[in-house]
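4 protein chains.
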Amino acid sequence: MASRPDPLNRGVVFKGSGQVAVENIPFPSFDITLQTGERRRCHHGVIIKVFASNICGSDMHMVRGRTDAQPGMILGHEVTGQVLKVGGDVETLAVGNWVSVPFNVACGRCSNCKERKPNLCLRTNSKQPGAAYGYVNMGGWPGGQCDYMLVPYADFNCLKLPDSPKTMDKILDLAFLSDILPTAYHGCIGAGVCTGKTVYIAGAGPVGVCATACCKLLGASTIIVGDYNTERLATIEKMGCSTVDLNQDPEISSSLKNILGKQYVDCSVECVGFEANGHHGYSRKTGHEIAEVLNTLFKITKPGGGIGVMGVYLPSDSGAKDSDSKKGTIPLEYGTAWNAGLCMMGGQCPTMNYQEDLMNAILAGRLEVAKYMNIEIISLEDAPQAYKDFCEGAPKKYIIDPHGMLKKQVSFTA
Amino acid sequence: MASRPDPLNRGVVFKGSGQVAVENIPFPSFDITLQTGERRRCHHGVIIKVFASNICGSDMHMVRGRTDAQPGMILGHEVTGQVLKVGGDVETLAVGNWVSVPFNVACGRCSNCKERKPNLCLRTNSKQPGAAYGYVNMGGWPGGQCDYMLVPYADFNCLKLPDSPKTMDKILDLAFLSDILPTAYHGCIGAGVCTGKTVYIAGAGPVGVCATACCKLLGASTIIVGDYNTERLATIEKMGCSTVDLNQDPEISSSLKNILGKQYVDCSVECVGFEANGHHGYSRKTGHEIAEVLNTLFKITKPGGGIGVMGVYLPSDSGAKDSDSKKGTIPLEYGTAWNAGLCMMGGQCPTMNYQEDLMNAILAGRLEVAKYMNIEIISLEDAPQAYKDFCEGAPKKYIIDPHGMLKKQVSFTA
Amino acid sequence: MASRPDPLNRGVVFKGSGQVAVENIPFPSFDITLQTGERRRCHHGVIIKVFASNICGSDMHMVRGRTDAQPGMILGHEVTGQVLKVGGDVETLAVGNWVSVPFNVACGRCSNCKERKPNLCLRTNSKQPGAAYGYVNMGGWPGGQCDYMLVPYADFNCLKLPDSPKTMDKILDLAFLSDILPTAYHGCIGAGVCTGKTVYIAGAGPVGVCATACCKLLGASTIIVGDYNTERLATIEKMGCSTVDLNQDPEISSSLKNILGKQYVDCSVECVGFEANGHHGYSRKTGHEIAEVLNTLFKITKPGGGIGVMGVYLPSDSGAKDSDSKKGTIPLEYGTAWNAGLCMMGGQCPTMNYQEDLMNAILAGRLEVAKYMNIEIISLEDAPQAYKDFCEGAPKKYIIDPHGMLKKQVSFTA
Amino acid sequence: MASRPDPLNRGVVFKGSGQVAVENIPFPSFDITLQTGERRRCHHGVIIKVFASNICGSDMHMVRGRTDAQPGMILGHEVTGQVLKVGGDVETLAVGNWVSVPFNVACGRCSNCKERKPNLCLRTNSKQPGAAYGYVNMGGWPGGQCDYMLVPYADFNCLKLPDSPKTMDKILDLAFLSDILPTAYHGCIGAGVCTGKTVYIAGAGPVGVCATACCKLLGASTIIVGDYNTERLATIEKMGCSTVDLNQDPEISSSLKNILGKQYVDCSVECVGFEANGHHGYSRKTGHEIAEVLNTLFKITKPGGGIGVMGVYLPSDSGAKDSDSKKGTIPLEYGTAWNAGLCMMGGQCPTMNYQEDLMNAILAGRLEVAKYMNIEIISLEDAPQAYKDFCEGAPKKYIIDPHGMLKKQVSFTA
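Chains as they are written, first to last, in numbering that gives the first Met the number 0: chain A, 0 to 413; chain B, 0 to 413; chain C, 0 to 413; chain D, 0 to 413.
No lab work stands behind these hints, which were simulated from the structure alone.
Please note that a few of the clues may not be correct.
Identical copies look the same in the list; a pair holds intra-copy or inter-copy alike.
[To be verified] DSS-like mimics (lysine-lysine), calculated; alpha carbons at most 30 Å apart, straight line: (1) 48 with 407; (2) 261 with 326; (3) 165 with 261; (4) 48 with 215.
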């Protein structure tokens, strides 16, 4: 190891409700101090040069001040990059490897990780099971909207991308392996999507687009996506699927009857979350209740069917209007759900469980999402403006390209 | 078929909120008119002589006026008996066979029945998927708290009990195969109970006792049952399991720490339902919220764990105090549940799926519940008083013995 | 019911090793005598007018004299048709309904049928679990290569096809729902085929083509099919999949390395069966061992992977050369399979379990097989010649069209 | 770390067919050279003081010369001990912790380990997936029949036993967590053993005893164990289960009819392996075929049922008599198995997947095996004699107690 100084590292920093800024941040070290103040020795980690770092809808919850996120956090948990430095205990990765990084930080050594629940790792977050990069209450790990980032337990956490031209051809699709594509797939699996099933997807944002593609991959027959945002619905139609304009038919059921000839779908996937009224993508209604999305799904999902809840619901919502909502309590029509014998599966995705299969599907040309995403590749310095626009409902998926690498590789048109 | 007149048939009839009476009812015919007014031709049915017909906690919801049940309904859905007459299309049953009758009425011919969802039969209830005997909104089928009863689609719906002395030895255990034993087992399976798991069971009533026995059968390590009724808790202790007196520790968590050394159980089973405050078994608190039981389970179930909800929740509660509760809407701390990645499985049990295995376990001496039930065998005429006592919290399980058959066979002591 | 006489019924009859003939046969009755001599009262049945009745590779085993099939059996178990008469106990079907008939004859009332194992019905075959139409040792039910046929337990056994123009558009695809499409799908499920997996399919005959289409539907990444018949392999290539010409690379492994860059596939599907050397499709080698196909799969399937065995293996092979083979004993390299922790799933398909989902996939345009089948639509009278040609390796799928109905409806080009 | 010299290390060494000896061996180092000659840096490992190291039936295969095992291998893969030294990368273990060591050596970082297939780790054995301590073709890792042993990837591979008096109370039961108890349980799960099922277990040796206990824990109704060794069968009877003396009824079926009243069991577990005639426990017949056990199970397992094959079958058997057997090829009546739709699951157990649940069951008093094992606790120096006796059929389970620790702790009587 020569004496060359570490390169400059810049990152997107949460500065408080409504504010993000790009600032100089420390170059990552294998001996890290988390935002919680804990020190961790991470010789099991790698330091990666970040080549794609997406802005996620769930980042908005923090930026809009709906969480307890503390200023100073480096944001970003959808990361793809190249290994720059390898910790002393790493065995399966080498400098130069391209990797997709699951948003979950998992140790690979606790009982949950051994049981394929890396989303509920017992050791990477001292406050509750489950950790993530750059996210509130998720352990305080620095995020990946920056030039360089530490990935701890790298043998366990990194998915190596093949060193082949195909990887570059598909890099924009592969960039979604870190979160929203596996998340959407997890929701579909939880909802019971498989051969021949009919599916309703609540929300046509980036996760909704991924869920649509996953339903196709899983062999669903009819896929129906609902949203208030008609631009987003137009994208779904390009994918060859049906849509419900919620401005016209908020109850959905009459649309279902038109499309399917019946009032129920076999499976539902919730891709919206507790800020249904905040995205401006999903809902522009006034007085919209947090529980509306789920309560609707209770009514349109076939009795005995499944609901995969991939939108985020949190146990505390500091920006909520009433005391119930502030602690994540919502008025669910549970009698309806119970009576219909519905099974609800929700929570954060165990990303790594699905990554390799989805990567293989992408590389084999079986799964395409990027071209339906209205992707905008931006520099780190553009991130604050992108946050602002996304917060206001821009129907886009922003990918931060800190080193200008994607722009060079990709000639992408929707 | 000779000209002998049909015997007299007496049954327990719902007369309106708070009232049941024993009345003469028609002897069953293979051509039946349901309470909904529909006529059904049931040559696929058998007429049975009822030998055991239990009063169920869920009957209380109707009797207490918390549902839309219409006067005139013959109650009873936990039935064991002997075949007296066989319809022309029946192939597997003969006069004299002993049968356990699942509480679900299922056709065996619709897509849900073929998919092992007899609890959601699409053809036996014209209003919604799923039918039951003697229950509100469940298709209007006459119940089984009576001398003689029709079981439609008998080849599909009846579990034949072996013609052996063992059957009589175990008849009180076998009497629970029609509902609460499979229901409890279904909840355990939904909760993920298996080898070595720790379990919390909410409610020490008859379903709670069955769940306790099922958890033992499934190989759980530590089983903990909570209730406000200390008599019921004493029964659980006789079963060799741990208890939480909710009068002392309503939050449960400190009890868990004492018993397990940690704040979570692996699995939770809800055996209470929406009338948590009504049973007087589970709760004597004032102002008790319907959602309290589930919200507590959200907090004490290990992240990534499962909750089986076997207590009944309904989409309409005519006896509720506020408009939300009237339509089955309850304030659930769903943010907590989602954050913990909990899976909730609820709804009526597909009874027949479990019956044969549980019967075999009973006959092999592997599963005993009757002796922990505080059973009282009563005549049909005693049923109204039993309803009254059960409604007021008597920690008993009443079995109606219309023909005095059980009393003769059984010399049972707890 | 008027006095109009029953129409003439003609059927394909097995006359002994190497011989089939088209003969007058009785018009079906609801009171039937099986080939075993048993009488069955089938008022639960329907009589259908047969519109498509495929010749199956497994029919060849009988015709080539490799089984104990007795002369006089009416052949045919891949049947699609229209309801002509309805038995008195039938509730869900009406005259005029189009139906696909699973090849399994199942009662819907025994414990196996209730457990979703209609392929192992305990009541429709008095010799062993599991029955089929027109097949040796399968209960003696008359087959469906004829004008009119009885389908017993019709509510349970028939899949109703929608009364819509789409059904006619897709009728040739739907004609495979009775057997080979669900059979192939079952093999894929048994092999663990799902998102992103690599698969090897042994055999490019009609079942192999269906398996290829199912693997695509299930989201497999790379699909590789091996056969000795190069015409059949050409069809697979039209489907966009990879092939192995076994004449060039009987060990397969060097082809796998070329295609995948590794020596293993994740999953294998066996679509050949015990007459590997007889189809002239799969193998033209001399001295070919029955066990060859499975032993090869043991070596090329990834340790921990799955093998779905859809080719037929039987407990008695009267045409075999040695005493071991005569009783279905074959020299399997089981040490290799065990050492690799492979899971083998075989046996007849529980057809109905998959039919509705696959039908929905076909109707939604997600699953196409007919156009890759080299289908020849023939009259009943042409059946003997078709048997002869198929037996000699003609790479075709013959569909008998007894009433000239398909020819009218379909203008089909590969 | 002071300069105290490493203690003396003695181990049981395979010296060639029929020979084992206790010799001085090197004290383990974190930089290890495997028997294959490969060097591995194992700072992720711990060095343990071995407190219990069982002799396994599968060790006999090597000692009897039925494998390619090379002289010089330190034997032993059923190890329990206490952590003495901790590698620099270990995070979850500390000096003094008691641990059970799964017989599989797994890295926790490859795709198979991440998919819960530690039995097929892709990185710990350079020749094939899957590694083990002290076993032929399993990567060359030194075994644990010695004073001190290296456990690599210790965070992943070790199950920590609670630091409580209960651990010592149950230490003999816990000693089987390293292999035969999870192995037997895996076989039961593979066979589909669950509530109410009937089970046949082939072989009443130590694995058969464990399988019997696991079937009870899993809620099986009737459990039947067959063997030729009547002493072993007597033990099974003490466990309250049924037995078949194969000397009297080698076909088993008449015993099944007596016990169950039918010819089939729901599930079968094979606890014998390819040396059925070698154990002298299972078979004393002359000319016994290797395939006999499996072929019998094909006939007595209910169609649609499952067979868990826990006995070892290997791809090469250097001591076999014929060329087929030498490469692990055996004459299986596969036609019978296929016709019955049986599912066979075999291969080495993913031990760690079951360890924690089984440990919890043991500590809660739900699972007892040691008292049915006829355990003999021996010193290291006694091991060669124990190998000789076990090889000759002594119906015992030998536990090597290198440090005389068990003898002190345990006052154990059967």
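Checked hints:
no., hint, result
1, 48 with 407, "within (16 Å within a copy, 57 Å between copies)"
2, 261 with 326, "between (37 Å within a copy, 24 Å between copies)"
3, 165 with 261, "between (43 Å within a copy, 17 Å between copies)"
4, 48 with 215, "neither (33 Å within a copy, 36 Å between copies)"
The structure shown violates just one earlier hint, number 4.
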